[in-house]
Amino acid sequence: MRPVITLTTDFGLDDPFVGIMKGVILNIAPSAQIIDITHGIEPQNIVQTALVLEAAHTYFPKNTVHLVVVDPGVGSDRRPIAVKTKSATFVGPDNGVLTPAINSTSRVYELTNKKYFLDSPSSTFHGRDVFAPASAWISKKTPLSKMGRKINDPHILQLPQPEVKGNVISGEIIYIDRFGNCISNISSEILNATFQLNDSLTLQVGKTRIHDFASHYSQHNKGDIGCLINSWGKVEIFCRGGNAANKLKCQVGTSLTIKKN
Amino acid sequence: MRPVITLTTDFGLDDPFVGIMKGVILNIAPSAQIIDITHGIEPQNIVQTALVLEAAHTYFPKNTVHLVVVDPGVGSDRRPIAVKTKSATFVGPDNGVLTPAINSTSRVYELTNKKYFLDSPSSTFHGRDVFAPASAWISKKTPLSKMGRKINDPHILQLPQPEVKGNVISGEIIYIDRFGNCISNISSEILNATFQLNDSLTLQVGKTRIHDFASHYSQHNKGDIGCLINSWGKVEIFCRGGNAANKLKCQVGTSLTIKKN
Amino acid sequence: MRPVITLTTDFGLDDPFVGIMKGVILNIAPSAQIIDITHGIEPQNIVQTALVLEAAHTYFPKNTVHLVVVDPGVGSDRRPIAVKTKSATFVGPDNGVLTPAINSTSRVYELTNKKYFLDSPSSTFHGRDVFAPASAWISKKTPLSKMGRKINDPHILQLPQPEVKGNVISGEIIYIDRFGNCISNISSEILNATFQLNDSLTLQVGKTRIHDFASHYSQHNKGDIGCLINSWGKVEIFCRGGNAANKLKCQVGTSLTIKKN
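Sequence lines, in order, name chains P, E and Z. The numbering used here runs 33 ahead of the 1-based position in the first sequence. The numbering used here runs 33 ahead of the 1-based position in the second sequence. The numbering used here runs 33 ahead of the 1-based position in the third sequence.
Calculated from the structure, these hints are not laboratory results. Do not take every clue at face value.
Identical copies look the same in the list; a pair holds intra-copy or inter-copy alike.
[Said to hold, decoys possible] Think about it this way: if two alpha-carbon atoms lie no more than 25 Å apart in a straight line, the pair counts; the simulated DSS-like pairs of lysine-lysine are:
id, residue 1, residue 2
1, Lys95, Lys147
2, Lys255, Lys147
3, Lys173, Lys95
4, Lys174, Lys95
5, Lys240, Lys280
In this text, all values refer to a predicted model and were calculated from it rather than measured experimentally.
Chain P on its own, in the form it takes in the complex (with noise of 0.2 Å):
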């Protein structure tokens, strides 16, 4: 079976980063199969990247191995580190971008064995140099413990969280996709748990009010506002045939607030 490495970085794919980085892993691991999870988070923005892995890496077969590069503190002393969960391993700079996977494991190493990276590594590029190497001997089985040490206080992200006051949910927007829908924090589970499954609903943001959620996006009329709860199991408002951000005005952090008729 070909070993599955995933790639997620803040690149962009104008620059040869991305595909040096490739290059680097098939030279150590040439059987490896590489899938871009993405490489267009916003240039060091660590919330976004965290999010995204958090609704991505579940669909990936059992024990691929997640890359993540998205490294503000590239070059000083913030550790290189791996997370093994029970399904797949996480390899990024300790800086919470793993924290999805640091939840759900104790199993946390910093990847101290220069074995395993390139000779010299610069200073600026350690997705070549540092991530990309260890990534690829991870796939070929490398056990974490020959790599580096465990350790028990690697960084987490606080993620924004919704608050329940009451009859209302109070959330933000924390990811607009390409198509201009906004999806927020608030789960399906913090809705089932704070109302009744017959409750009339208002979701408010800014000005707009929206009565009741769709269940897709064609129940609503073209140009119209509505909201569902979105594929990674979360409220979203969108525009049917438009853009909800821009109609909206919405950006990522733009609060909403959820209540009962």
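Fit chains E and Z to the supplied structure of chain P, relying on the hints for placement.
Leaving out everything else, chains E and Z in the frame of chain P:
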């Protein structure tokens, strides 16, 4: 032999959607070779999708599975379908995107068997929950007859056709590429059927007249506008070393005529 | 072992051109591992292509085939060539893009044998009709001597070279990456040959003077401008947590000097 699965979507590459679909595919068909045709289809542009698919599919190995997700009606009752031609299988929504395949076969199936979908499909991301898993199963030679039922009323798109009146062919621009080349719906076949080999021809678009066809871009001087039969076998307007679409203010839908001098 | 073929083009990712080339390759070499270096080369920018190729190629496995299609003269009589170095084979138009490879070998071949092209090549898409099939055949170990004839006059690009006058090195910006880092043509070798290890140096670009080199980005405060030797071994100007190119109004071609204080 590793089965080939191609992807054509309007998802862009900044969100993790494409990576997630690839994870789903590799879970089911670990040896699949996944190739991106493009994820840069204009959001929800079904006509553009059909044109791109038509230009691309013939260059892939026999038995390739072409997965197409441009799906404004996701979650509604539009059907998920698979289309089997002599050389390939096409998978996508029944909204016209698969027209080029449907025109060459009667083997069109509605995908109904949930065994070949992910469990509890969402209503907003059938690329992940329906089309990617179905494509992976097809690449493993699952018969379409097991995955659904044959239908004879798939949605067929009326692609814009050129008209011939006497000595004049009227057509329109159907695609503008990255370089600003303007590709029309006038094919070399129509040209050859309408004119003689040695006829001197004039192409007119807006107020610009182009006399005679070039055989390649470099035949013109830098900045000059020309036309030729392009690599899709269509009449294309180009600007040597420049951007014809910008220079001529051409858009998809702009009319053009070709006539004998 | 699966042969590796890399792609470097100015085709972008919105059109189906890159996907089509991959289809052609897989038809001929089904086990090829195809890796994108970048498709974001500025349209027809030959110098940028050569620089990207130089930075990237050394990180790929031995015997990789590097396919490069930045080809303003497509369809004219510029020759298609293949260049065999100790570690890899490079395929592309004879317009200078392969200069980094040509500088290290005399094994340059014009590809003339149409048996290794697609039938009836178009005059506008040699990436599909000539270069992709030739690369696939080369990855299957077809000898270049069967594919064409050795030539000794390939086109060589004069890449901008830095100048040393006494205690001053003058160079220019040759590449700006996604983060706005400005990469110059001044290499660490020239720095080491011109100055002593402990010399205090000043880099000047426009009216901005940067004193002393950093060892990594995080050494500076947010928003500060610094310089360092980057991962390509070149002098690079950066803005910690910002975009140096925007801040300093630097472009490709902007001059800079480095001198001893």
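For each hint, the structure was consulted:
| no. | hint | verdict |
| --- | --- | --- |
| 1 | Lys95 x Lys147 | between (27 Å within a copy, 23 Å between copies) |
| 2 | Lys255 x Lys147 | neither (57 Å within a copy, 30 Å between copies) |
| 3 | Lys173 x Lys95 | both (14 Å within a copy, 20 Å between copies) |
| 4 | Lys174 x Lys95 | both (13 Å within a copy, 23 Å between copies) |
| 5 | Lys240 x Lys280 | within (12 Å within a copy, 37 Å between copies) |
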